[in-house]
Amino acid sequence: MRIEDSEQAEEAVSLAQQAEWQDITPIEQDEGEGSMCPIAYTDEYRELMGYLRAVMAVGEVSERALALTARVIEENPGHYTVWVYRKRLVEELESDIAKELDWVSEISSKFPKNYQLWHHRESLVTRLWAPSNAQSVSEDQRVTNPVLRRELQFLGAAIDEDSKNFHAWSYRQWLISTYALWTQELVFVDTMINQDVRNNSAWNQRYFAILANRDPSAVHFEADMAKSEIEYVVEHIKLAPNNDSPWSYVTGLLLRHAPSMLYTDLLPRIKQLAADNAYQAAMTLTPFYWSALLDIYEQQAADHPDTKKQLVEESRAICDQLASETDIIHCRYWNFRKTSLDTC
Amino acid sequence: MVVDLELNAHARYFKFCLNMLPAEAVSQDASRMTVAHLCLVGLATLDRLNDSLSETQRASMVDWIYEQQIPRAGAYAGFRGGSLFGPHSSCTYAPANSANLAATYSALCSLLLLGDSLSRVDKRAITSAMRQLQLESGTFVPHPGTNERDPRFIYCACAISAILDDWSGVDKDAATRYIAECSNYDGGMTQARFQESHGGHLYCCVASLSLMGRLDALPDRRRTLKWALFRQSGGYHGRTNKVPDVCYSFWIGAAIEMLGGHDLVDLGAVAYFIRQCEADIGGLAKWPGYRPDPLHASLGIVGYSFCCPEKFPRMSPELLLPESVLEAHRARQTQT
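The listed protein sequences correspond, in order, to chains A and B.
Our numbering numbers the first residue of the first sequence as 1 and each following residue consecutively.
Our numbering numbers the first residue of the second sequence as 1 and each following residue consecutively.
These are computed hints drawn from the structure, not numbers from a lab.
We put the CB at the ideal spot given by N, CA and C, even for glycine.
A couple of the hints might just be wrong.
To be verified - Derived list of chain A stretches under chain B, where covered just means 3 residues or more per stretch with a C-beta under 8 Å from a C-beta of chain B:
no., region
1, 15-23
2, 71-81
Said to hold, decoys possible - Computed list of lysine-lysine pairs in PhoX-like fashion (alpha-carbon distance at most 25 Å, straight line):
no., chain 1, residue 1, chain 2, residue 2
3, B, Lys286, A, Lys113
4, B, Lys311, A, Lys164
5, A, Lys271, A, Lys238
6, B, Lys311, A, Lys113
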């Protein structure tokens, strides 16, 4: 039953007047003195909660209890134990899980920032298709399986609605990891980055898509991966040089997985870009370019102490420029960075 | 620096919220304990708590908080988020009446803010329940029966343990290991490995480590401090390429304090942004011109106090409490 339908059908008649509920005495809330932050409940919510307390108190398992939990969740999805109760009801009543997932989808469009509904979803999906069973088919078959297809559609819609919805991206990582949907994920990530090159959730997902599924035995993974990622990043820096995401992505990636390539491969590419007439002005003005140079020089000086003196000198000049012109709001940090250069 | 926050308007706002929340706040019904804590912290930062609430009012509030303590021991022990679960005596189905780590944390802080000595707190029950809420991976769930798990609850567990001065409920090694895995490629901290760096989780990870005395477990403290500092673009935003939100004045601001970066912030710019978020009716909103709410009001004001500490009671960055309240609590603890 859709939320709106149920509201129209049941709102008209209070529970106290419904034959189905005649045997239940609602349990009142016990406020007492010194009540802190009491809420001016509507009569409807007060009544719903009175009946919910009555059935939850004894752990009643019934369709009417299930329907009641839906109504309460639709008012207050932060009620943390009603989700536990609902999960039990869905299991013991052997409810149609596909319908339950549809209901969760409706709740999430009404309450996009609620935490609990995503975890409820997780438990439903694993019941519907155990991850161990999913392993026996190919990724192509997994992606077209109705269970996962529905989840990917749902996630697509949620991310469409809010491209940076933290819960959606987080749930997506759980889904992709649990059901090994890695190949399609890299495609999805690329689409999202091209939709909005400043979407940091998408760039973060790129790191996840490439590294979380890494095969430790793959030879040359680091070098090959780093080279292609540098190219990818440079192409996207061109679209908007003053954009934190690709810069922190590539410097972070290389620092962790191929530090020497910071200066052997990334450095020449970004210097080339900064020398290119089409990008020179934008590159000079963005703090991220200069900040990346500092990180690169730091690594280079650490690896090649013979170059340290000259790199520190260049780095000091960059810190001065950032503090006085390019990134004034962080000037205290850049001055501090300058003083710590010699001690690196 | 001139303090031109509308102190009286905000004090009135918190008092108003403690007295009553509107019907639309029903989605907070299970987190009233947290909202109450935030209002008390707001008043305490403004140094208006004892002016705003009489001794009788404070004593009644203390009683109300203790009313939310689950009377039975076991996995559900601690404090619940509100009275919505009904009278304790009516529940034979245990999961219907459960504590929650966030509520327990807020309850303890609120009791301390109201001048209570925690003498009626069943500490043993809380730490025993807590042990059952920690997963093998080191993270925590907030209450039994859920698979919700993340650094917010590691933080609550650590904060509770620090306040009670009893760490038997936390496997510090496992929690530390989990937090270390939350270090991201950009230096930020995440909800779980590979997820996006987020200011709220930065706070929870750094504060947990700080409370456990394990800040040195941060894989790259320098880069983490840098990540936090670079969330400033005027006010603070919580994730790369997002807009400033006043609550990060606390999540990011406090993390920077703990990481020793106070002198590296443009405090004037943060303070300016926070003032832009003041609402005419009192309280602060997440963005300038938006509606206020207790969370943004409280965290904005505590965050403001980090910008001009000499003008406010000193606030702990690790726990949402004034240092003076913590010190009084520690003094009482050493006496017993």
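Now for the hints, and whether the structure bears them out:
no. : hint                  : result
1   : 15-23                 : violated (count 0)
2   : 71-81                 : holds (count 7)
3   : Lys286(B) x Lys113(A) : holds (15 Å)
4   : Lys311(B) x Lys164(A) : violated (37 Å)
5   : Lys271(A) x Lys238(A) : holds (13 Å)
6   : Lys311(B) x Lys113(A) : violated (35 Å)
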